[in-house]
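Chemist: Work out the full structure: start from the sequences and follow the hints.
Residue numbers (this note's numbering), protein chains in the order written: chain A, 2 to 221; chain B, 2 to 221; chain C, 5 to 237; chain D, 5 to 237.
Treat the hints as calculated values from the structure; they're not laboratory data.
Predicted model, so just to flag it, every value in this text is computed and none were measured.
Every residue, glycine too, gets a C-beta built ideally from N, C-alpha and C.
Do not rely on the hints blindly, as some may be mistaken.
Claimed, not checked - Listed next, the stretches of chain A that the computed footprint assigns to chain D, with coverage defined by at least 3 CB atoms under 8 Å from CB atoms of chain D: (1) 44-58; (2) 76-89; (3) 114-126; (4) 156-168; (5) 202-210.
Stated by the list, open to error - Only pairs whose alpha carbons sit at most 25 Å apart, straight line, appear in this in silico DMTMM-like list of lysine to aspartate or glutamate: (6) A:K118 <-> D:E131; (7) B:K171 <-> B:D5; (8) A:K122 <-> D:E88; (9) D:K163 <-> D:E7; (10) B:K11 <-> C:E235; (11) D:K77 <-> D:E88; (12) A:K170 <-> D:E131; (13) B:K202 <-> B:D184; (14) D:K48 <-> D:E88; (15) A:K118 <-> D:E85; (16) B:K170 <-> B:D5; (17) D:K48 <-> D:D15; (18) C:K173 <-> D:D204; (19) B:K150 <-> B:E138; (20) B:K125 <-> C:E88; (21) A:K149 <-> D:E90; (22) A:K118 <-> D:E46; (23) C:K220 <-> B:D64; (24) A:K6 <-> A:E16; (25) C:K163 <-> B:D66; (26) D:K144 <-> C:E235; (27) D:K173 <-> C:E202; (28) A:K171 <-> A:E188; (29) C:K220 <-> D:E131; (30) D:K9 <-> D:E46; (31) A:K96 <-> D:E131; (32) D:K76 <-> D:D101; (33) A:K125 <-> D:E85; (34) B:K118 <-> C:E137; (35) A:K118 <-> D:E90; (36) D:K226 <-> A:D66; (37) A:K149 <-> D:E85; (38) D:K226 <-> A:E188; (39) B:K118 <-> C:E202.
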Amino acid sequence: MGIDKIGIAKRIAQELRNGWYVNLGIGIPTLVANYIPDGINVEFQSENGILGMGPFPREENVDADLINAGKQTITALPGAVYFDSSMSFAMIRGKHVQLTVLGAMEVSENGDIANWKIPGKMVKGMGGAMDLVASAENIIVAMMHTNKKGESKLLENCSLPLTGVNCVKKIVTNLAVLNILPDGGFELLERAPGVTIEAIKSATKGKLIVNSSEIPEMQL
Amino acid sequence: MGIDKIGIAKRIAQELRNGWYVNLGIGIPTLVANYIPDGINVEFQSENGILGMGPFPREENVDADLINAGKQTITALPGAVYFDSSMSFAMIRGKHVQLTVLGAMEVSENGDIANWKIPGKMVKGMGGAMDLVASAENIIVAMMHTNKKGESKLLENCSLPLTGVNCVKKIVTNLAVLNILPDGGFELLERAPGVTIEAIKSATKGKLIVNSSEIPEMQL
Amino acid sequence: MIEKKVLNAADGCKDIFSGATIMLGGFGLCGIPENCIQALVEMKINGLTCISNNAGVDDFGLGYLLQNKQIKKMISSYVGENEEFERQMLSGELEVDLIPQGSLAERCRAAGAGIPAFFTPAGFGTEISKGKEVRNFNGKPHILETALNADFAIVKAWKGDTAGNLIYKGTARNFNPLMAMAGKITIAEVEELVSPGELDPNQIHTPGIFIQRIFKGSNYEKRIEQRTVNENK
Amino acid sequence: MIEKKVLNAADGCKDIFSGATIMLGGFGLCGIPENCIQALVEMKINGLTCISNNAGVDDFGLGYLLQNKQIKKMISSYVGENEEFERQMLSGELEVDLIPQGSLAERCRAAGAGIPAFFTPAGFGTEISKGKEVRNFNGKPHILETALNADFAIVKAWKGDTAGNLIYKGTARNFNPLMAMAGKITIAEVEELVSPGELDPNQIHTPGIFIQRIFKGSNYEKRIEQRTVNENK
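Modeler: Laid out in structure tokens, this is it:
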């Protein structure tokens, strides 16, 4: 039901503003770079130490010394810079990055996020996620509305160990675009094409706030 | 009485050990660089952002973008590096500099130092002195034994506002070489040529410890 | 690529207001933003709080702003060599906050890096530690210092590109990269301004993300405070 | 000039002992000290505590040391992509301490810079903040993190000189400069080793003061974890 991962990436790309520095997490967020609207200039930061990240290289340009935080080979655009990890997180912690997009396993109605650990399963580590969510002023979560078992990922409280608290501002899922309100609650802003408010309500376990009976469809 | 400033610098130069990074303060300490013993390799750090500082330039090589912490034009030796002020004090605070030599207005018998402020007079500021004395594990003070009024600068307690506490390890003056003992007190190690123990005693207001009647003369 | 180029110092500094807190790079007269200081003089704004390691000399650098009584407060580590400064300080016209040089540098970096406070040994047991939290680490007392923010930071670099990437030369680097990180708005003046891609991405000291405006400065005097030459040979 | 050159990895690592705490630069397999890791394998020392952002893959990088059960404890931010790691961790053979990546980087820098502790927002409200001091700054909670020291740091650079000055390439820089500052003894392996004076003093990433030993490495494999290419055009 709803849109696919590419649709989520396209919708998030509409949030980009001219002159922003942006950090994209692994997975759906990475796809956002492919759908930057015309006339919008942004620069991508990867926390392993590059600003001005370009597309993946052609085979003949692969360089083992040039990767992104997902360990994928990348290229650098004109005006790019390399730096060390403390400088990289200085940019992040110091709020010089205007937008962070990342995936999540759960988001709570007060903006808590869980995306690094499932008790009883192998823990791979939080990488830079805790720094990113604790620091960024503008965090968009890109995820499916429900997990593989069909359970809502938008909850009253996260059940999984937290990555950060009170930090998520906006969520784009396969079903909807939602704001997290300052006093808590998921405010429904847009529906995925063909998806009803009822369908979104039933897929949202946390408090869903529908301020209008006329919720527009996403324009992709 | 005793040796002159050049003599003090020469005596301190004997303390240099091969492979040390050294920070020299303004005044007598700067002169130490002129008397490095044969076979000893050291590198000079200046806290405004250079490691591998060389001698003053010849007229035709003066570069406004290349100065030391005393704002004097300098040169850089092969293998030199420039860096910013936070990196510079990372070296100092992180104990990567093996020796700091600086001047003082007063030193107390427990290693306190006062060298930045005289109440009632214009205060120029502490510059990097407080960071240097708080961080260095090996601090040698280069100064005259008495001030212009003939009063001892080696005291039980400093009367002037402090730059740092319990930090000075050794003092070289125009009259003597002295250690500061861990439990306090100026231990007399060497006399300046022709200077008697009695003369040193009378010029030292703090507790002078003379462990032997045979205090050797400095060899310059 | 995000374009940061502005016309000149006046354009770069246009919204700096009376009463603003401004960081200015440089050590002595080495690596100071000469063009922007001149612009601030011409803008005749006043009541400024200036954060700069030094305060210039009577007739150069921040000394200009002092002569014109545009500065309300100086935050520095060393302010010698400036008679007008001394006069204003002793008369009480000018507030002065003296900070150990390493703490000044680290507090600027901390502001830029989102570190609100850190412990340092510098100043323990001196008047600098008055009112500050003291804590022992590894048996040694340290004091808590906080980040130092500014409305504007003004820095001078050797080369820059229009994306705001900067390279400094020699010891003219000093406080410039740290202050560049700490300003809400950071203005960079450079001796040489090139297009993005012309600077080696491995060799940039200040990434453009920290810079909001950049321009090519002109007529650099680069005055030397202590011209010291080696007479030997 | 202070000479830092040693013969090779075995010479550089000769006094690393069983039970030592070792920092190793690199992000994934990018910028890891391949030669020194091989030397540690051959030295057959064990009980090591390794501080490294990642833990290599099964048959490369730190994975070698894991296969040989030489590591007692890993301190990292992300340890995926390694089956033997997972097996040892789940069986309790291997201790693992996970740290947010930015805090890991800053804690290494802090150790090198003589900053014993600092406040950061990262990890507040999560299990990372358990037992840590929390304090509000600007209305936002932060936790106190401490410096992370090591007996040895092992770093990989692109170019170096025999005075220990280092230049890194691309994103192979990552944790290397920070760990270089934090080791009691720091060993650098480089792809190209030159004489002092051959590197531009404006362009050095790690000043030689932090490096105790340097050598030219050989046979770099530089394995790529996620070879991702653009099929378009």
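Chemist: Taking each numbered hint in turn, which are not upheld by the structure, reported in ascending numerical order?
Modeler: Structure breaks hints 5, 19, 22, 26, 29, 38 and 39.
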